[in-house]
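Asker: Chain A is fixed; fit chain B onto it per the hints.
Chains as they are written, first to last, in my numbering: chain A, 1 to 1032; chain B, 1 to 183.
Calculated from the structure, these hints are not laboratory results. Model, not experiment: these values are computed from the prediction. Treat the hints with caution; some may be incorrect.
Covered stretches of chain A, as calculated for chain B (at least 3 residues, CB under 8 Å) [unchecked claim]:
id : region
1  : 256-264
2  : 316-328
List time: in silico BS3-like cross-link candidates among lysine-lysine, alpha-carbon distance up to 30 Å [what the hints assert, rightly or not]:
id : chain 1 : residue 1 : chain 2 : residue 2
3  : B       : Lys159    : B       : Lys84
4  : A       : Lys487    : B       : Lys159
5  : B       : Lys118    : A       : Lys992
Pair by pair, the computed Cβ-Cβ distance ranges are [claimed, not checked]:
id : chain 1 : residue 1 : chain 2 : residue 2 : range
6  : A       : Pro83     : B       : Asp150    : 33 to 43 Å
7  : A       : Arg112    : B       : His116    : 43 to 53 Å
8  : B       : Glu15     : A       : Lys487    : 28 to 38 Å
9  : A       : Arg488    : B       : Glu15     : 37 to 47 Å
10 : A       : Val122    : B       : His116    : 48 to 58 Å
11 : B       : Glu19     : A       : Asp284    : 41 to 51 Å
12 : A       : Val122    : B       : Asp150    : 45 to 55 Å
13 : A       : Pro83     : B       : Glu19     : 51 to 61 Å
14 : B       : Val48     : A       : Gly287    : 38 to 48 Å
15 : A       : Pro407    : B       : Cys32     : 50 to 60 Å
16 : B       : Asp150    : A       : Gln54     : 26 to 36 Å
17 : A       : Val986    : B       : Arg114    : 49 to 59 Å
18 : B       : Cys32     : A       : Val986    : 54 to 64 Å
In this text, a Cβ means the ideal position worked out from N, Cα and C, and glycines have one as well.
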Amino acid sequence: MSAKIRTLEDLVIIKDKVDKVKSRFRLRVMLCGGTGCHASGSLKVKDVLKAEVQSQGLADQVEIIETGCNGFCAMGPVMTVLPENIFYQKLDPDDVIELVQKHFIKGEPVKRLMYTDPVTGVTIPKLSDIPFFSHQQSRVLRNKGLVDPESIEDYLWRDGYQGAYKALLQLEPNEIINEVKVSKIRGRGGAGFPTGTKWEFCARSEGDVKYTLCNADEGDPGAFMDRSLMEADPHAVIEGMIIGARAIGSHQGYIYCRAEYPLAIKRMNIALEQAREYGVLGKDILGSGFDFDMEIYQGAGAFVCGEETALMTSIEGRRGMPRPRPPFPAVSGLWGKPTILNNVETWANIPQIVLHGGADFASVGTESSKGTKVFALTGKVNNIGLVEVPMGATIGQIIYDIGGGIPGGKKFKAAQLGGPSGGCLPAEHLNLQTDYEAISEAGAIMGSGGMIVMDEDTCMVDMARYFMEFCQDESCGKCTPCRVGTKRMLEILQRICAGQGQEGDIELLEELAGDIKDSALCGLGQTAPNPVLSTIRYFRHEYEAHIYDKRCPAAVCSAMFTSPCQHTCPVGMDIPKYIALTRAGRIDDAYKILKRTNPFPSVCGRVCGHPCESKCRRGQLDEPLAIKNLKRFVTDNAKKPRVKEIPVTRTEKIAVIGGGPSGLTAALELKKRGYAVTVFESMPEAGGMLRWGIPAYRLPRKVLEQEIRDITDTGVVLKTGVMVGRDISFDQLNGNYDAIYIAVGAQKSWPLEIPGEDAQGVWGAVEFLRQFNLNEKIDIGKSVAVIGGGNSAIDSARSALRLGAQDVTIFYRRERKEMPAQEEEIVAAEEEGVKIEYLVAPIEVMRQDGRVIGLKLSRQQLGKFDRSGRKRPETIENSEFVVRADAIIAAIGQNLDQSFLSKTSNVLVSKSTVNVSESLRTSNPKVWAGGDAVTGPAMVIDAIAAGQKAAAAIDMSIRVSKGEPAWVQPPHEYIEIPFEIDEETVECPQAKMPELPADKRRRSFKEVELGYTMEAAMSEARRCMRCDGNSD
Amino acid sequence: MNKKCICEDHYDVDEFTDEQWAKVDKIIDKYCGKPGALIPVLEEVQAVTGFLPEVVQRRVATGLNIPLAQVYGVVTFYSFFTMKPRGRNQIRICLGTACHVRGAQQNMDALEQRLHIKQGECTADREFSIDVVRCLGACGLAPVMTINDDTHRQVKAVKIDEILREYQPENDSSKEHYDVCKN
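Same shape as in the complex, but just chain B:
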C-alpha cells in the first residue's frame, strides 16, 4: 500500500469520452443513497475508465455526496484500484506462494527486463502494463501469468519473449518501444 499522494500524479487531464462519462454517471446514480456503495461504484467505474485518476474520483465523490478524501482513501487502500493507466495488454503475474516456489520471481525479472518497466507500471505506448497479483487460486498451474483474459500456465522465464510476441502490435514487433511511463 505504498501509494503516492494524488498530487504527484499527473493523470488529472480529462482523457475520457462523453460516452464514458455518461456510463460513470449512470453507475453513480444506480448506487446513490445505498449504504456502503463506494467500493462497488469504484469497481464498476474502473471497468469503464480503466483507471481512477483524480478527475474520476472527484466525479464519484460529488455524485455520491461523500468527501473526496474518503474516495481517495478507499482507492489507495485496495490493490484492485489503480490511479495509473493500464496497458492495452494487462499482464498480471501471480506471486502467490505456489507460484513463488515454482519460480515466479524469475518470470517477473524477465518481464521487467524485457518491457523496461517495473511492476505497477505501464509502457510509454500503453501497450503493456505489469501488475502483481497474490494468488489467482490456480496454483495447480503455477507459475501462472494472465494477459488480458488469457491464462498462461507453467510459465518459464526463457519463454517470456515468445509469449509477449503474441500480444505485440503487428507492425512494430521489432520496435524497442518500452520505456518507463514517465509521468
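One chain only, chain A, in its complex shape:
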C-alpha cells in the first residue's frame, strides 16, 4: 500500500522509480492482452513465456508485461520486444521456446514469426516500419502496448494524472473549460458536439449535485475503440472524468459500460481501486480538497442506451427509453440533476488537452475537426484492427495505406461509417477526408469510429436490410415513427432481398426514410434510415437488380438462387449439376447439361473469366472450385452427340452481323425458335475474337471449330468473307431482313496518342493478334514492348515470343495487383520469360527512318484514388528513360469499328459503343446489338449472354407484333442428378492444371494447358459443397 499522492513531486518520484525499474531490464516484452488476443490464446502464450524465461534464468533481464489492445487484432496473439521494437504475430505456445532461445538468449530475432507484407512478401521486423503502424499517429492511444493497464504506476510513468493535478490545483474550472474549448474537441461518440460548450452549459447550471458520466455502451456493431481504450489505458478515462468533474463541480460519476466487455470492466475496476488507493480518486484528491468518485454501471444490452437520455434512464434502473430534449442533460439529466455525458474516447483525450494545452490538440486535424480519431477498421480488409489517424486523413489512406487494401484480390465496394446510424461510401469517396462535415455531406456520419470495409462480395441491399433489422430490433418502442416505421422499412427490404421486390419499393423506402428522420424522438430513430438512404444513393443499381432482374449481383441474398456460382454466371450455367455428374463419372450427361445453357462450353472451359469461381462458397474455406477447368475436362472427355438440323418454322428472316460468340449464340437461339438466320462474317472464318484475338496455344482451333459446327449444323447460314458496309450495305440488310442483330465486337485498338505512333512497327493489339492468327508473316524483331495490363496485353506478349522475339516486356502504368488480366495468364507469361514493368507510362515512340527503334517512358507514382477505387498513376518528373524496341504493341483498349453502319441506318452510336435499351434494342426498332460492340471489351461469357438475351428480345418483339403467345422452351431430356457430399470437409487446395513446361511452350503453338486427368477431375469435383442442396 503506497502513500497517497499529495504533490506534483510525489508524481515525479513514482515516475522516476518506475523508470529505474524498467531500465534494469535488457529486454521488455510487451505481450498484447486485449480481448482479441485473449481470444486468440495470448494467455497461454504468456504463461509459457513466463515459465520459459524463468527456467532459463532470464527473469531479471527480461520484463514481461501484458498490455492492453495493441490494435492489430487480426494478427493476434501479438507481442513487441523493446527496445528493438521487434513485432511478433500469430504466436503459439509452441513458438515460445524458439523465441526465448534465439531472440532472448542469442539475440537473433525469429523471422518466421514476424509480419510479412501481403503485397510485397517482404518481412518487416520492426513495429514502427510496418505500414499498419507507421501511418498512424498515436495520441489518445499513446500508451497502447507500452503500459500494463493494471498498473497505475505504469500510467504515472507515462505522465499520468499530471493533467488532473494541473486541473485540480493550478486551474480554475472556467480555465479548464476554456482549455477544452480552445482544443475544439468534439464528441467522439458520433454526434460531434463541441465538448467545451457542453461543459460550459453544465457548469452554468445551478445545483448542488451534478453528475459526470462516461458512455462506454459501445453499441455500434463493428466498433471496438472504447473497449480497447478501456482495456489498454483505463486511467486515461478516469483522469479525464476527474478533470471534467472539477470543471462542472460534480462529485459523483458513472461509467456506463456494456456487459459484453467483461475484460474492460475488470480493468476499469482495478484502475478505480488503484486510483483511490493512490489518492487520485475519492475524497480530497491530490490534496486539493476536491472530492470525486465514480462507479461502473454495467449495461444490460440495449443499443438505445447509447442515446444520452436513455442511458440516464437506464442508470436509474428503468427501461432505457429516451425522453424529449430540452431540457438537456446539462440542465436536467440523471435523476433530474445537471449532468455531462461524454464518450470514452473523448474522456481519454482530456488529460492531454489539459496537460499540454488546447492549442497543442488543435494543431492536428482539419478546420472544423481537430485532433486525432480512432477507427475500428474491420470487414474485408487485410489489416483489421484499431487505428488512430489525424482528422483529415482520407478514407483511402486508412483502408489502403494502413489497412493494406482488400484481401484476395477482390474489388473494394464501400466503406461503412458510423454503424447503424451511418452510411456506406463508395469508391468515388476514397479521397474523402475524415472530417465531421465532409463525411456527413457524403451521406454517412463520423459516428464513434467504426469503419467496415466491404468488397464486391457484399450485397448493399442486404447490408441495408441488416442495419434496418438491427435498428428495428433495438427500437425501444416509445415513438411511433421509429417503432412502426422501421418495421415497415424492414419488411420492404426483406421483400426485396427475398426476390419479391416491386416497382415503387425504392421510392417508398425513400419516402418512409424521410418521414422517420423528421419525426422520430431520438437519435436512433432519426438516423435509422441512413444506411438505406446512402445505399440507395450510391448503389441504386443493386436495388434495381434485385427488384427488376431478381438478381443479387454479390450472390448474397440466397432466396434468389440455388447456388452462388450459377447465379453469378451470366448465362446461368447449372454448375452444381454438371459437377455432381462429373463426380459420379457421368461425363456424357454432364456435357448435355453444359450445352443447355452455353453453346461454347469447350471455349469457356479454356478462356472464360470464370466470375462463378469468385463467388464459390468453397473459397471461404480454402480455395474456390476450379469450375472452369472441370468444364474443360467434361468437354474434353464427353461423347459429343451429333447436332441435328432444326427446321425453319417461321417466315421471318433474321440477319446477324458478326460471327463471334455473341452473334453465333443469338443465331442458334433464334434458329431454335424457328427463324431463318444468316450470319455475316467479314473474316474468312467465324469465331470473332475467339478465332482472331485469342492465340491457339490458349484455344486450339479444332475445339472452336467443333462448337461453331454444332451451330451451323442446326441450319444457321454462315456467310464468311462478307463484310457489311463493303460487300453488302447495311441498308440492304435492313430491307431484306425482319430483324438485325449487331454483334461486331470491339475490333479497333485504342491509339496511344503519343508522338511517333505512326511509325512502322507500332501495332494495335487487336490488329497484331489478328495478323498473327491469320498466320501472316510479321517481322516482330528482337525486342518487343507491349503497353497495357489486360488479357490482350498478355496475349500479345506471349504471341510475340512465339514469333521469335528475344525479349518481350509489358509496360503497365499501375501496380501488378491492379492488372485486369487474369492472374493465371500473367503467371504463365512470366514463366515463359515475359518481363513486366510496373508504374511506367509511354511518352514517345523513338524512330529512325520511319521505323520504331525504341520507346521513351516515364516512371509513375500512385496519387489519389480515381473513381474506380484505384490509385491514379501520376508522372514522376524527370524520370524519363528509353528502352530499345523493334516493335511496340498498344494494348490499352479497344473500341467499335463503326464503318459498317450507313448514314441512314438510324443506329445511334456514342463514343465507342452502340447505344441500346435494357432489352438490347438500338434506336432503330428493327435492330438489336450486344456483346463487345455494346459493352466494350468484356468476357466471352458476357457476349454469349448478350446473344441469348438479344435473341429472346427479337423473338418476343416479333411475336408481340403478331399477337402470338411467347415461345416456350421445349422440355429437356430428364437427367437424374446425384446428391453426394463428403461427410467431413477437409481443407485442400484446387487441383492444379497440368501445363507444358515453360521452355517447351515458349516458341510453340501447342495448347499450354493440358487438361485434368480423370483422377484430378474427380477429386476436384468432390470439393464442391453443393450449395444447391437437395433442390432436385
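Answerer: Frame of chain A, contents of chain B only:
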C-alpha cells in the same frame, strides 16, 4: 424486443435449489434501498439462476419492494436478460457488422440446422442454446462465436459440426437429441 407475454411461458415451476434462493436473497438485500438497483440486481441474480422466470421476478419485486410490472418491463427490455433457460453450453454468435460481412449468417444457419433450434432457443435436453449478440468487439477475429468462455475465431460454416463435437456429452455424440425446446 419481441418478447412474449410472461403468461405464455411455463417456466414458473420452481426449479431452483435452496442454496440458489439464498444467494438471490442475499443479492436483493445487498442492493435494497439503493436507487437504480434493479438492473444490477437482475444481472447478479441471473448469474445465479441462469434465467429469470416469473418466480424469480416475483422474488426480486417483493424483495426490492417494487411492482412486478416494473421488473418484467426491465427484464423484457434488455437483451441480456432471458426468461428462458439457457443450455449447459451457451453458444453466442456474433452478428455484428464485421461478422455479418464475413459470413456470420451462414454460420447461424448451419448452427440452427445442426441443433434444430432457432436463435434464442435451447435444445430439449438443455445441452445447447443459441443466442445472438450484436458485436463482441472482437471484429479482428470475425466471424466470431463464443461457446461458454471459449472464443472461436474466423468460424466457417462447414466447421460448425467439428466445433460442436467438442462440447457434446461424451456418451451421446451420435445422438440426434436436438429438438426444439417446446414449452
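Asker: Would you check the hint for Lys159 (chain B) and Lys84 (chain B), treating anything up to 30 Å between C-alpha atoms as holding?
Answerer: At roughly 28 Å apart (the allowed maximum being 30 Å), Lys84 (chain B) and Lys159 (chain B) satisfy the hint.
Asker: For the region 316-328 of chain A, do at least 3 residues have a Cβ located nearer than 8 Å to some Cβ of chain B?
Answerer: holds (count 5)
Asker: Assuming the hint says 45 to 55 Å, is it satisfied by the Cβ distance from Val122 (chain A) to Asp150 (chain B) or not?
Answerer: Check failed, 35 Å falls outside 45 to 55 Å.
Asker: Could you say whether the range 50 to 60 Å given as a hint is met by the Cβ separation of Pro407 (chain A) and Cys32 (chain B)?
Answerer: This hint holds: roughly 54 Å between Cβ atoms.
Asker: Just tell me: holds or violated, for the beta carbon distance of Arg112 (chain A) and His116 (chain B) against 43 to 53 Å?
Answerer: The hinted range 43 to 53 Å holds for Arg112 (chain A) and His116 (chain B), with Cβ atoms some 44 Å apart.
Asker: Take a look at whether the Cβ-Cβ distance between Pro83 (chain A) and Glu19 (chain B) falls inside 51 to 61 Å.
Answerer: holds (54 Å)
Asker: In terms of beta carbon proximity below 8 Å, does the region 256-264 of chain A have 3 or more residues touching chain B?
Answerer: holds (count 3)
Asker: Could you see if the CB distance from Val48 (chain B) to Gly287 (chain A) stays within 38 to 48 Å?
Answerer: holds (43 Å)
Asker: Between Glu19 (chain B) and Asp284 (chain A), does the C-beta distance stay in 41 to 51 Å?
Answerer: holds (43 Å)
Asker: Note whether the CB distance of Glu15 (chain B) and Lys487 (chain A) lies within 28 to 38 Å or breaks it.
Answerer: holds (36 Å)
Asker: Look at the Cβ atoms of Asp150 (chain B) and Gln54 (chain A) and judge whether their distance stays inside 26 to 36 Å.
Answerer: holds (28 Å)
Asker: Keeping to a limit of 30 Å between CA atoms, is the pair of Lys487 (chain A) and Lys159 (chain B) held or broken?
Answerer: violated (34 Å)
Of the numbered hints listed earlier, those contradicted by the structure are 4, 5, 12, 17.
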